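J.: Just so you know, the sequences run in chain order W and P.
Using numbering that gives the first Met the number 0, read the first sequence as starting at 0 and increasing by one per residue.
Using numbering that gives the first Met the number 0, read the second sequence as starting at 0 and increasing by one per residue.
Derived by calculation from the structure, the hints in this document are not laboratory data.
Check before you lean on any hint, since a few could be wrong.
[Unchecked claim] Keeping only pairs whose Cα atoms sit at most 20 Å apart, straight-line, the calculated EDC-like set for lysine to aspartate or glutamate is:
hint, chain 1, residue 1, chain 2, residue 2
1, P, K152, W, E174
2, P, K100, W, E174
3, P, K150, P, E174
4, P, K106, W, E171
5, P, K150, W, E174
6, P, K129, W, D54
7, P, K129, W, D189
The structure presented is a predicted model; accordingly, all values stated were derived computationally and were not measured.
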Amino acid sequence: MSGMVEKRGAAHWFTHLGMILGVVIIGFPIWLAFVASTVSQPEIVQPPMPVWPGDQLVENYAKALLSGVNVPVARMLFNSGVMALGIALGKISISLLSAFAIVYFRFPGRLVFFWLIFITLMLPVEVRIVPTYEVAARLGLLNSYPGLILPLIASATATFLFRQFFMTVPDELAEAARVDGARPMRFFIDILMPMSRTNMAALFVILFIYGWNQYLWPLLITTDPEMNTIVMGIRQMFPSGDDIADWPVIMATAILAMLPPVIVVITMQKLFIRGLVESEK
Amino acid sequence: MATIRLDNVKKSFGKTQVIHGVSIDIADGEFIVIVGPSGCGKSTLLRMVAGLETITDGTVEIDGARVNDDEPMDRDIAMVFQNYALYPHMSVFGNMAYGLKIARTPKAEIKARVQAAAKTLQLEAYLDRKPRELSGGQRQRVAMGRAIVRKPKAFLFDEPLSNLDAKLRVQMRLEIHALQRELGITALYVTHDQIEAMTMADRMIVMRDGVAEQIGAPLEVYENPDNRFVAEFIGSPATNFLAPALVPEAPAGTAWIGIRPEHVKLAEAEGASLTGKVLHIEALGAETLVHVVLADGTHATVRQEGHLPKPAEGARVGLAWHLAEVMFFDTQERRLR
Ligand SMILES: Nc1ncnc2c1ncn2[C@@H]1O[C@H](COP(=O)(O)OP(=O)(O)OP(=O)(O)O)[C@@H](O)[C@H]1O
Ligand SMILES: [Mg+2]
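In isolation and in its complexed conformation, chain W is listed as follows:
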């Protein structure tokens, strides 16, 4: 650390220059997308491509949000939001509970369950997509939120993370709670959950983005445009054949699709870091 702080003069500026350059390279396409979402259709298609924002921002975004190409983008944002939140919260609650069961209870077949969960690590959605689709379809989950969320909700990774964390919690804490009169679920809610809040925050960020970015599964399970999620929706806005693409609206949609994950990262990051600082001795 001290080495980094002590860097002065030329080296200092050089590092910053490097970082700024990196930001520019990564940010430029996003900037272009933003610019494209603020100009009119004719301005985009005629070269050279504009690099400074135009005056159509409000019109383009309003058009995207309220009418879109197939479905209003607002609708797709809502669908994606429900799915991402559902997946993130569902995964966290299920893995918290299963980790709690595996670490704190000695039930018959504990090891079997442990390995069953472990094995699912090898079975991401893409691998089991056909049978999963079959099951979801038979359960009548097509074109529904449960259909979007439930098949993606089991998480071996999160279960392992919480298991690892619970194993570092001293046994005496559970015993003290037991002596204090807390039954297992009470201990789970009053002691374990508050103690895991930093882990939960970190996982929420990762899982929300994971859920938000789902493409293949929503594509399969939803046929009704009303149930489209934004990530698959963008793809479906692309013209097929001789249709004319409404690029400013598509670009506005793309920018809108990026916002929720960014907001989640920024807000949760604060909570996450505060949690880390608090729990450190």
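Assemble the complex: chain W is given as a structure, and chain P with the ligands must be docked to it using the hints.
T.: Relative to chain W, chain P with the ligands alone:
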């Protein structure tokens, strides 16, 4: 406030038996210390009383009722752990109030009881702090506070002072003892520190390898140990064990004789029945420990008052004692009386 009765309590982990049948009747308000070397089963015994370990065999009764199958919460006991086991995300107040909250005590009463406990333990200024913002001694007090607000039938302590420095340990030892006396709540206290055992206990259980070797008042155990292990474990420096031939009056079957260091006196080498060479001297001020090696190679310790003349290291000295203070042990290490 309660009586506790252990009747032939046994514990096995799988095939290994670690407690081999301990029985004791504990009176209401009594302070019992369980003492013994590491791994002898002190914690296991305590945890069986708490309900944190199942009881393999025998019975535990609290206030005359068999509690073998009761959950800890239903036994109405409070426990203080070696690492305090405070809830890290709760304030000091929250830690002390948690048990009461679960028992659905009215808010006003919780507040009053926690305030009262905080006052007794001088924690009033810290009620809003988190455990990590407290010193070791303060955490220890919070753990005590958590136990006393519940007004339980019994306190169970598992080496509560072993994470504190020596000075604080002495202070907390006195405080815990005074508090227990004041509240009159029956206490079981596990330690491997014999000074804690001697100073706090009404009676102590000296354990070895899952067996209660002797149960009795501290001075009674000190002055009248039942076997060689107790004589050696209780008392510091440890009892001297010498060959039986040195004492012609020893009863038949004596395998060892034991003499406490304070019962051995230094004498002139000439004319003494037993002589040795001074190895080294520890002058502690009030008392002096003289370490002597005998002709047969046995080491012996003499404890004498600080003002008495100290022999030079390497000097030859004679050792003397009163026959009445000598203890005899047979080949099974049992005391011969
Ligand atoms: N859960 C367990 N499974 C198997 N063996 C155990 C278990 N808990 C304790 N033991 C064994 O039981 C014996 C007694 O352990 P216990 O913790 O009661 O000792 P102790 O007297 O409290 O020692 P210390 O002074 O080191 O705390 C030890 O030999 C230990 O290895
Ligand atoms: Mg122990």
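J.: Hints first: check each against the structure and report whether it holds.
T.: Outcome of the hint check:
1. Proposed proximity of K152 of chain P and E174 of chain W is supported: the alpha carbons are some 18 Å apart, at most 20 Å.
2. Pair hint K100 of chain P plus E174 of chain W holds up; C-alpha atoms about 17 Å apart against a cutoff of 20 Å.
3. Taking the CA atoms of K150 of chain P and E174 of chain P, the gap is about 17 Å. The hint holds against a cut of 20 Å.
4. At roughly 27 Å between alpha-carbon atoms, K106 of chain P and E171 of chain W are farther apart than 20 Å, so this suggested pair is violated.
5. Restraint check for K150 of chain P and E174 of chain W: satisfied, since their Cα atoms lie roughly 19 Å apart, inside the 20 Å limit.
6. For the hint linking K129 of chain P to D54 of chain W, the alpha-carbon distance of about 55 Å lies beyond 20 Å, and the restraint is violated.
7. For the proposed pair K129 of chain P and D189 of chain W, the alpha carbon gap of about 16 Å is at most 20 Å, so the pair holds.
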